[in-house]
Amino acid sequence: MSPKITTTSDITLVTLQNCPSQLDFTAKVFEKIGALGVDVDMICLAPAHGAFTSVSFTISDNDLDKILSFTSKLRDTVQVKAVVNSGNCKISVYDDGMRNSPGVAAQVFAAAASAGADIRIITTSEVDISLLVTSADFPETLKT
7 MSPKITTTSD
17 ITLVTLQNCP
27 SQLDFTAKVF
37 EKIGALGVDV
47 DMICLAPAHG
57 AFTSVSFTIS
67 DNDLDKILSF
77 TSKLRDTVQV
87 KAVVNSGNCK
97 ISVYDDGMRN
107 SPGVAAQVFA
117 AAASAGADIR
127 IITTSEVDIS
137 LLVTSADFPE
147 TLKT
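The sequence shown begins at 7 in my numbering and counts up one residue at a time.
Hints are supplied without guarantee of correctness; some may be wrong.
Claimed, not checked - Straight-line distance between alpha carbons at most 20 Å, and here's what the computed SDA-like set of lysine to any residue pairs gives:
#1 K72 with G93
#2 K87 with S75
#3 K38 with T12
#4 K149 with I125
#5 K87 with T59
#6 K149 with S98
#7 K149 with T12
#8 K34 with L70
#9 K79 with E37
#10 K34 with K10
#11 K72 with G40
#12 K79 with K149
#13 K10 with R105
#14 K34 with T12
#15 K87 with R105
#16 K38 with L74
#17 K34 with K72
#18 K34 with V84
Note that these hints are calculated values from the structure, not bench results. Here the structure is a predicted model, which is why all the values come from computation and not from measurement.
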């Protein structure tokens, strides 16, 4: 089976900085986002730095207003800083054969590097590697 490449455009990256590092705080954040009817896709939780951490996630650009309203309230209660970047594109490489094939991530990253892509976030599973790139870098990255 050869790799399947899928793309999604109009993606917003949200990073919540200065979050309490307790996992129950993160769970409550995503519970509230879910209650807003916002689908979250890529999620990356940074290692705790003392009592604080940061968490990044992606949403559709269409849900940006809901998230900005939510993060504004969050900032007022726990001093969390939201960094938001819209208009990105996700490129996902899926191949069931990745499961037992060391080095696939290196190949994907080398291809993105050769395109000069500005990678915003990377998430992986055993069979999928997803890169969030700027819209400006999307066409060239997809070609490589």
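Against the structure, the hints come out as follows:
A C-alpha spacing of about 16 Å is found between K72 and G93, which places the hinted pair at or below 20 Å, so the restraint holds. A hinted pair counts as satisfied when its Cα atoms are at most 20 Å apart, and K87 with S75 qualifies at roughly 13 Å. Distance hint between K38 and T12 is unfulfilled; the C-alpha atoms sit about 29 Å from each other, more than 20 Å. This hinted pair checks out: K149 and I125 have alpha carbons roughly 15 Å apart, not beyond 20 Å.
Note on K87 and T59: the hinted pairing holds, with a Cα-Cα distance of about 11 Å set against a maximum of 20 Å. For a cut-off of 20 Å, the pair hint linking K149 to S98 stands: about 13 Å separates their Cα positions. Pair hint K149 plus T12 holds up; C-alpha atoms about 13 Å apart against a cutoff of 20 Å. A threshold of 20 Å between alpha carbons decides the hint, and for K34 with L70 the separation of about 19 Å falls inside it, so the pair holds.
At most 20 Å may separate the alpha-carbon atoms for a hinted pair to count; K79 and E37 meet this at roughly 15 Å. The straight-line distance between the Cα atoms of K34 and K10 is roughly 34 Å, outside the 20 Å bound, and the hint therefore fails. For a cut-off of 20 Å, the pair hint linking K72 to G40 stands: about 11 Å separates their Cα positions. Between the alpha carbons of K79 and K149 the distance comes to roughly 41 Å, so the proposed pair goes past 20 Å and is violated.
With a CA separation close to 14 Å, the supplied pair K10 and R105 stays within the 20 Å bound. Between K34 and T12, the direct Cα distance comes to roughly 31 Å. Violation of the 20 Å bound is thereby established for this hinted pair. For the proposed pair K87 and R105, the alpha carbon gap of about 37 Å is over 20 Å, so the pair is violated. With a CA separation close to 13 Å, the supplied pair K38 and L74 stays within the 20 Å bound.
Restraint check for K34 and K72: the C-alpha separation of about 16 Å stays at or below 20 Å, so the hint holds. As the CA atoms of K34 and V84 are separated by approximately 13 Å, the hinted pair is consistent with the 20 Å bound.
Violation of the numbered hints given earlier is confined to hints 3, 10, 12, 14 and 15; the remaining hints are satisfied by the structure.
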